[in-house]
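Asker: Letter by letter, the chains look like this.
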Amino acid sequence: MRWAASLPLSGRIGLALVVFWLLVAIAGPMIAPYPVGRFVDQEVFSPLTGQFWLGSDYLGRDVLSRLIWGARYTVMLAAGAAALAVLAGTSVALFAAIRGGWIDEFISRAMDTLISIPSKIFSLVLVAAFGSSLPLLLLIAALIYIPGNYRIARALAVNLAEMDFVAVARARGEGALHIAWREILPNMIHPLLADMGLRFVFVVLLLSGLSFLGLGVQPPYADLGSLVRENISGLAQGSSAILSPALAIASLTVGANLLIDALKPGGGH
Amino acid sequence: MPGQAANPPAWLGVSRLVAKRVLSALLTLLLVSVVIFVAASLLPGDAAQEVLGQSATAEQVAALRHEMGLDRPAVTRYADWLTSMLRGDPGWSYIAGMSVRDLIGTRLVNTLSLAGVTALVSVVLAMTIGLVSAINRGARLDRALNVVTLSLVAMPEFLIATVFVLIFSVKLVWLPSIAMISEEATWGETLRSCALPVACLAFVVTAQMARLTRAAVADELDRPYVEMARLKGVPLRRIVLFHIMPNAAGPVLNAMALSLSYLMGGALVIETIFSYPGLASLMVNAVTSRDMPLLQACAMVFCAAYLALILIADIVAILANPRLRA
Chain W
7 MRWAASLPLS GRIGLALVVF WLLVAIAGPM IAPYPVGRFV DQEVFSPLTG QFWLGSDYLG
67 RDVLSRLIWG ARYTVMLAAG AAALAVLAGT SVALFAAIRG GWIDEFISRA MDTLISIPSK
127 IFSLVLVAAF GSSLPLLLLI AALIYIPGNY RIARALAVNL AEMDFVAVAR ARGEGALHIA
187 WREILPNMIH PLLADMGLRF VFVVLLLSGL SFLGLGVQPP YADLGSLVRE NISGLAQGSS
247 AILSPALAIA SLTVGANLLI DALKPGGGH
Chain A
9 MPGQAANPPA WLGVSRLVAK RVLSALLTLL LVSVVIFVAA SLLPGDAAQE VLGQSATAEQ
69 VAALRHEMGL DRPAVTRYAD WLTSMLRGDP GWSYIAGMSV RDLIGTRLVN TLSLAGVTAL
129 VSVVLAMTIG LVSAINRGAR LDRALNVVTL SLVAMPEFLI ATVFVLIFSV KLVWLPSIAM
189 ISEEATWGET LRSCALPVAC LAFVVTAQMA RLTRAAVADE LDRPYVEMAR LKGVPLRRIV
249 LFHIMPNAAG PVLNAMALSL SYLMGGALVI ETIFSYPGLA SLMVNAVTSR DMPLLQACAM
309 VFCAAYLALI LIADIVAILA NPRLRA
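Going down the list, the protein sequences come from chains W and A.
Residue numbering for the first sequence follows the numbering used here, beginning at 7 and increasing consecutively.
Residue numbering for the second sequence follows the numbering used here, beginning at 9 and increasing consecutively.
Since the hints were made in silico from the structure, they are not lab data.
Keep in mind that the hints are not guaranteed to be accurate.
Reference excerpt, derived from the structure (chain A facing chain W, CB under 10 Å, subset only) [said to hold, decoys possible]:
{"hint": "1", "residue": "47"}
{"hint": "2", "residue": "176"}
{"hint": "3", "residue": "266"}
{"hint": "4", "residue": "270"}
{"hint": "5", "residue": "280"}
{"hint": "6", "residue": "283"}
{"hint": "7", "residue": "285"}
{"hint": "8", "residue": "311"}
{"hint": "9", "residue": "313"}
{"hint": "10", "residue": "314"}
{"hint": "11", "residue": "315"}
{"hint": "12", "residue": "318"}
{"hint": "13", "residue": "320"}
{"hint": "14", "residue": "323"}
Idealized CB from N, CA, C, for every residue including glycine.
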């Protein structure tokens, strides 16, 4: 709590938004008022009422319930993909930095190649080739953001590998695994966590963009991007069925960005 | 000095550096083409089966496989594909029944003009916002602009597009929500129908560009020559415009080239929403219909454009750095 109070206002707002969406994603099924796929309203695109807090969607389903479940898919997929990308990217980076030589050069060249394919373009090619089931989407998103994390982690690890305490560990005869895990990794954990937060925002934007194009999460599942897409016909009347999932994504990504910015050394100015 | 005469002229060093960057970019593009080819060839099942559907006989599939060249080794297919791409004729789309070149043709021009107009608009806006932020560094205005641009960077493009459509097409009925491009349309009509796509794209790109511009200018603010000018009593606005800008030109141009690469991803969503007949919406359709030759060609065009922008950013940084010129 002391820590949260030390943040600038923008950071505290960001923290509140992120915590809110994490809670929704975790506790979602318990608080959703209706089953996610059930047609509960005779009217479609009905306005906000006491019975349906956020109105109903294009098929007469409860928007609030669908939003809660959509947030669950969006947050869980993005958190999983970001964690996987950082885990894989950092492991490979530690390996490359400790080994050095041609192995390091080869891996770095391969990562440089992958990083020069724009992420959305790459995701389209991969989705067309492999399909877009939930596990595949998670893997594709993770794969796309591994090179970015690798670059940052490798730069950190190479600097740390030249430090005296690493030389001491080497002289003690410690193995590569010990040096990576006990000597180098603990010293780069903070920038890595910040990077994981950024990757989380990127994955949310990427996957909801794909879902909005109809290429991401497929029915019967729906993430927040799918909700915007399926209710696009309600745009003309400004229906909450399309506005609330769009605002949900924005508040999640903007919140995460504000929080990360405030946590940067000297951040929030 | 006698040693001086033996040194090669300065421009030679720079051109060698630039040539190295160009070669490295071309190598990267070659490697990218391998990745795209491999990823697109990995599709479960077979492209010939995909085209013919479930009811096709084994002979039909085998015949089409032969016609499409799928029975040849992957390395040969890659070499063929690469040479035909280089000749500017990237194959035949079996789904559309047209050559990929004809499919891409005018679409590429449309996307380039959309990107060009967006770039013009956002460069002007981003320069203004970035410089105003830097001049007021740390002040309330700068902090407010920081939060605004930071939030805009994190907005999905389709949110901005849907909000714009809701305001300008539905509520105010000022602008059409579908971008029609036709030969007969007058300039005014074309401008009107492209106003919303350009505005949406510019929104996202400007925020990114303004942040990078501010960062590039703010980096210079702590230099000794700026302190000197301030001690002389030069107003900060003058310092930023006339003392810092010439020095920060390289990083600023670099920031612009980098943020323009955001156009590629943004165009996918924006072109689709506004039914703009561009390359990005063509690529989205190619994914839906699993038209691999078309998809590969579109992906390569976007990757080449992206690498070109990064290369320009690199070269600008080299040319603008006097230590590398001298």
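Asker: Does each hint fit the structure? Answer for all of them.
Answerer: Do the hints match the structure? See the list:
no.	hint	verdict
1	47	5 Å, holds
2	176	12 Å, violated
3	266	12 Å, violated
4	270	9 Å, holds
5	280	6 Å, holds
6	283	12 Å, violated
7	285	16 Å, violated
8	311	6 Å, holds
9	313	9 Å, holds
10	314	5 Å, holds
11	315	6 Å, holds
12	318	7 Å, holds
13	320	14 Å, violated
14	323	16 Å, violated
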